[in-house]
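Participant: What follows is the residue order along each chain.
2 protein chains.
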Amino acid sequence: MTITSYNPRTGQANGAVEEMSLHEVRVVVERASGASAAVATGSPRQRRDWLHAVAAALEENTAELVELAEVETALGDTRLTSEVSRAAGQLRFYGDVAAEGSYLAATLDRPTSTTPGLARVNQPLGPVAVFGASNFPFAFGVLGNDFGSALAAGCPVVAKSHPAHPLLSDRLAEVARAALLDAEAPDGSLEMVVGYDAGLALVRDEGVAALAFTGSQAAGLALWRIANERRTVIPTYAEMGTVNPVVLTRAAAATRMEEIAEGCVGSFTLGSGQFCTKPGLVFAPAGTAAADAIGKALRQAMPRPIMLTEAIARSTAQGLEELRSAGARVVEFVEASVAGWCAPAAVLAAPIDALQDGSRLLEECFGAVAIVVEYSDIDELAAAVDRLQGSLVASVFTADDDADPDAAACLALLSPKVGRLCANDWPTGVAYTWAQQQGGPWPSTSAPSATSVGAAALDRFVRPVTYQSLREEWLPPALQAANPWNLPRRVNGVLQPVGATP
Amino acid sequence: MTITSYNPRTGQANGAVEEMSLHEVRVVVERASGASAAVATGSPRQRRDWLHAVAAALEENTAELVELAEVETALGDTRLTSEVSRAAGQLRFYGDVAAEGSYLAATLDRPTSTTPGLARVNQPLGPVAVFGASNFPFAFGVLGNDFGSALAAGCPVVAKSHPAHPLLSDRLAEVARAALLDAEAPDGSLEMVVGYDAGLALVRDEGVAALAFTGSQAAGLALWRIANERRTVIPTYAEMGTVNPVVLTRAAAATRMEEIAEGCVGSFTLGSGQFCTKPGLVFAPAGTAAADAIGKALRQAMPRPIMLTEAIARSTAQGLEELRSAGARVVEFVEASVAGWCAPAAVLAAPIDALQDGSRLLEECFGAVAIVVEYSDIDELAAAVDRLQGSLVASVFTADDDADPDAAACLALLSPKVGRLCANDWPTGVAYTWAQQQGGPWPSTSAPSATSVGAAALDRFVRPVTYQSLREEWLPPALQAANPWNLPRRVNGVLQPVGATP
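Residue numbers (numbering that gives the first Met the number 0), protein chains in the order written: chain B, 0 to 501; chain E, 0 to 501.
Hints are computed from structural coordinates only; laboratory data are not their basis.
All C-beta atoms, glycine included, are put in the ideal place defined by N, C-alpha and C.
Be a bit skeptical, because a hint or two may be false.
[Said to hold, decoys possible] So the derived list for chain E, only partly shown, Cβ under 8 Å to chain B, looks like this:
1) Thr114
2) Gly418
3) Gln467
4) Pro483
5) Pro487
[Said to hold, decoys possible] Pair ranges (Cβ atoms, derived):
6) E:Gly357 with B:Asp356: 50 to 60 Å
7) E:Thr77 with B:Gln355: 54 to 64 Å
8) E:Ser336 with B:Asp196: 30 to 40 Å
9) E:Pro110 with B:Glu17: 25 to 35 Å
[What the hints assert, rightly or not] To be clear about the criterion: a stretch of chain E counts as covered by chain B if any three or more of its residues have a C-beta under 8 Å from a C-beta of chain B, and this derived list gives those stretches:
10) 401 to 412
11) 468 to 481
So here's chain B without its partners, still in its complex pose (with noise of 0.2 Å):
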């Protein structure tokens, strides 16, 4: 059985790889199981030498990967480009945060006449598997956010080929495994499989010791359910879609509709809107007319969205059929190209009273589209958000001046819903920082409180373990009293300064 690779610009192959039998899955798995000890060992600053080399290396290699992710994505040069630099960025950044090293939250408690020493440390939890996304082949991919978390968190990685970009997959593993190689990584910290099967005997395998997916909710959820039914049940961190609700207050619509309204096309159309962070649902205010707004600017943009796969361009006309159903009416409408695997991009329009439970109104439509839904009041708009899932980010728009009456309020409405929220920024675009978070409340994520993005991303890895009453020489470095890894630790309830001694 092979996996065929097609350029979505044309629909034709440009390749193919096999599919991992079973057995293969199993032995992957081992050689992974065996790399643990070792990359749980290594320091944190040795795992950021290991992290900068694949950075290094995904750089030097540019040129190449975007050609190929071109082929199998046609997300365009310009876009791929800045995304390697970017993953390049990422895997640099959480080799840093290991290396400062809070994400271990080394916890010292002396004994006193009533209580035993307690020393607390993370541990790595041990090889994690990585479902990547389809619609960012290096951030979110084999190299991406949770490769990079996971390693840098002391453990090895088994990453899913994606069937969406199977060579640039084997490719990146490949170039990967090399600067591992040079930088003394020990051998087994990268592992990949390739083919359906194979990734579910990945998820149900007892040497499996944690789950990172980024993309849609079908499939996230269905492995989160695997996971959930292991003999051994691991943490599952499901990264989904979402619509991700923006409002523009009254003040807002009313002083800037027009760039708002380009401001929104830009952001639902970036990346064909194949983004997780895409806003679905715009409330805006009644008797503003931005809907036509919006559909104006989508007219001036015309965009011709080329989705990644067949079949994500089928279900983005499909869902516009279903959102059609549930009660939207078009209000602009892009026709599909005839050439590759292009789908519609249009702007719907909702009454607010269609936004019941259960209804398609309120999930995810990957792809170009937009409902935008009127709201005559504040109280009207609570209730619409009520009935909300939860998303992983959304945005609220107000006048630009500092007095607008509504901007608090519907800052407050929103934050119970997500896990991100912006003021006059659009959700799409994910900086990786220490305050990030991507991960919101269910279903946009399966740990609310876990986050794929930014320094906290670590922290999904690892859990502590106390050591009671050991001796010294027992202790694993980051809580010997040396600290010979330089790290913030807390001594007695006392948060202790980088390079303090207790």
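The hints should help you fit chain E onto chain B, whose structure is shown.
Facilitator: Just chain E, lined up with the frame of chain B:
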């Protein structure tokens, strides 16, 4: 329908409480939901004051509460009096942890030329359903660790009245509510439901945002499954009983077997063996007659374990039969006395080869029962430990001097299997401090990175929200430039000590 309260020493009824209807459960959850915003926006210092008030009320009512607990649990006045004191101490501790503020993980990334300003802070999840344990009516009951850490983190609590101590549950809720009212905590900060069906309805109620449970694997996993079938799946923190292995090194057994045997019996018979941290499986070097020594110590101690409920007493006796069927032989057996809900106490021995996947020997037997297993060398021990399920805690006993050649190897074997690892300490007894970890790999805990005791217990009940490009006045206090709560924060990646402002 009513729940009858029984005296375990006599089997006679103490009284009864009314079960709640499903409608009443809904009303109770609505009250907790109604309190959510006020509890969440209270400053950490306010919540500390609420918890300190409840702690003081517990202490003031110690005599009455102990009397009530004694007739429902038979745990004895001495133990119960110290448990009230511990419960009060815990509540103060969680309040102090909240006030310190690190649990908020406030993180600020100032905008740069390429990234927006991002500010991240942990937010309370909302109403937490708390299912306390039978075996610690105060420390893990209605006002136990879960109540303290949830309220400290800003979440109202809906406790379930425990069927093993329904009168005490009622009285604890009453005492706490009066104290919370005096301390000006929002009405609805603590609610309670009564009855089996009411408990299920609570877990299924969409107003509940998280679930905390302490008790048996059967009950914990059942609730976890129900929570996973909700429309909005919620985090479930189930801390469940496990075997908690103990390893005696060859040098330990050779030099101080008698002392270890006495300590072992003290630990596994403590509280009638009704501890989720009870040492259930003791690995001893072959040829050291450890089983006989521990059996002898049991004969000398001659405990008469009175169990919390008739069902528990029956299940201990039945567990002993199951262990014998699984290949364990009786080394020493103390018959159950005739009065009340007494269970046998026993030391068993089993061949190491009997510890195979699926064997009853690898599961907890709640009660004053321990199994001794001989190992011939470290390799054989390693293979057996590898087959163990995850446990809350393990202990290694070594020679008194610091030249025990097997100590480090034994510790390294057990570390991947547990949340806490003790050297020369018995596993029973869980101090509430900053470095504590009560929670280990599956199936000891449903979320292996969570702890139900210690400062990190608060982390279970929050999720991060990141604010992007918000004006200063729209940010919550924890993220404002002036740092009005005087929190430790991370600013542009650098950890700032308490009181620093960016």
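Participant: Find the hints from earlier in the document that the structure breaks and name them by number, from lowest to highest.
Facilitator: The structure breaks hints 4, 6, 8 and 9; every other hint is satisfied.
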